[in-house]
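The opening residue of the sequence shown carries number 10 in my numbering; numbering runs sequentially from there.
The hints are simulated quantities; they were obtained by calculation from the structure and are not laboratory data.
Check each hint, because a few of them may be wrong.
Derived DEER-like restraints, expressed as beta-carbon distance ranges [to be verified]: (1) Gly67 - Thr150: 46 to 56 Å; (2) Pro109 - Thr158: 30 to 40 Å; (3) Gly67 - Gly147: 51 to 61 Å.
Since the structure is predicted, the reported quantities are computational estimates derived from the model, not experimental observations.
Positions of the beta carbon are idealized from the N, C-alpha and C atoms, including for glycine.
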Amino acid sequence: MDVDTAERAKADAVGPQVHIINLRHRGRSVVAIVALLLVVALGYSLLANPNINWAAIGYYFTEESILRGALMTIQLTVLAMLVGLVLGLIFAIMRMSENPVLNGIANAYIWFFRGTPQLVQLIFWFNLAFLFPRIGIGSYTVDTNTVMTPFVAALIGLSLNEGAYMAEIVRAGILGVDPGQRQAATAMGMTPTQIMLRITLPQAMRLIIPPTGNQAIAMLKVTSLVSVISARELLTSAQIIYAKNFLIIELLIVASFWYLIITTVATVGQHYLEKWFNPESGRNGRGRSAKRSRLTQISRGLKKSTAPTGKA
Numbered sequence: 010m011d012v013d014t015a016e017r018a019k020a021d022a023v024g025p026q027v028h029i030i031n032l033r034h035r036g037r038s039v040v041a042i043v044a045l046l047l048v049v050a051l052g053y054s055l056l057a058n059p060n061i062n063w064a065a066i067g068y069y070f071t072e073e074s075i076l077r078g079a080l081m082t083i084q085l086t087v088l089a090m091l092v093g094l095v096l097g098l099i100f101a102i103m104r105m106s107e108n109p110v111l112n113g114i115a116n117a118y119i120w121f122f123r124g125t126p127q128l129v130q131l132i133f134w135f136n137l138a139f140l141f142p143r144i145g146i147g148s149y150t151v152d153t154n155t156v157m158t159p160f161v162a163a164l165i166g167l168s169l170n171e172g173a174y175m176a177e178i179v180r181a182g183i184l185g186v187d188p189g190q191r192q193a194a195t196a197m198g199m200t201p202t203q204i205m206l207r208i209t210l211p212q213a214m215r216l217i218i219p220p221t222g223n224q225a226i227a228m229l230k231v232t233s234l235v236s237v238i239s240a241r242e243l244l245t246s247a248q249i250i251y252a253k254n255f256l257i258i259e260l261l262i263v264a265s266f267w268y269l270i271i272t273t274v275a276t277v278g279q280h281y282l283e284k285w286f287n288p289e290s291g292r293n294g295r296g297r298s299a300k301r302s303r304l305t306q307i308s309r310g311l312k313k314s315t316a317p318t319g320k321a
């Protein structure tokens, strides 16, 4: 066999050479350029608009009442999410219960609070005194209007509504965990409470956190609804100021900037929280992954031991 024949045989064995040519997507480039030009034009029209008082925006951005309103917005968001998460966990477990009473109560709660508008719920709690002028336990009662302040009414309305959505999120996360993990933990002698706290929930968190983060960001913006019940959060604070000086657009821009800042911080926090609960990342992730691997091995052993042998 000569050299040329050997080279051809080698080339045939390797296969034909493939030249990869990157296609040019000219349509995408045109769309991107047009979009960029529109953004630049919009930004310039806002910055150069003589009807916008940018000096007033800079002044009111750190004005005391605006800062207090931003703080109340953060407080409402954090507290409502914490209470909603606790309620969601409780009602998620109740909904998965085989007890028809607990299951029915959980379904009714989720059906009602997801089925009625959040604004209606806020107005209802703020006007609870029309239904119950005094509330209390036994002989000890207090005036409802004294207890049901705008902040308390907002917190109750937001929390109860959020609890209904969190119940479905938590339930979906728990159902996303392999049932074999719970069976293996039971075989190791763990109690149902230990299984839920040490096995199921830690693994479900990676499924629960992303939608919970989205709910928290949505809650941050939903707090603006409490302006209808005179709770002095960020939007209400801006409204009070522009009702006096008529700088409506400027104060709305100030409020929007603060919402964007808080949302950005919350998004960054969500990113690191998801990374923390990711079983593949970091030292803690490796530890959780090792524990999950052991449980998986045990669950596979249980499945093999309970599988039919096929013998008559």
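Cβ separation of Gly67 and Gly147, checked against the hinted range 51 to 61 Å: Holds, since Gly67 and Gly147 (Cβ atoms, about 55 Å apart) stay within the stated range.
C-beta pair Pro109, Thr158: status relative to the range 30 to 40 Å that was hinted: holds (38 Å)
Gly67 paired with Thr150, Cβ distance criterion 46 to 56 Å: Since the Cβ atoms of Gly67 and Thr150 sit about 50 Å apart, the hinted range of 46 to 56 Å holds.
The structure is consistent with each of the numbered hints, conforming to all of them.
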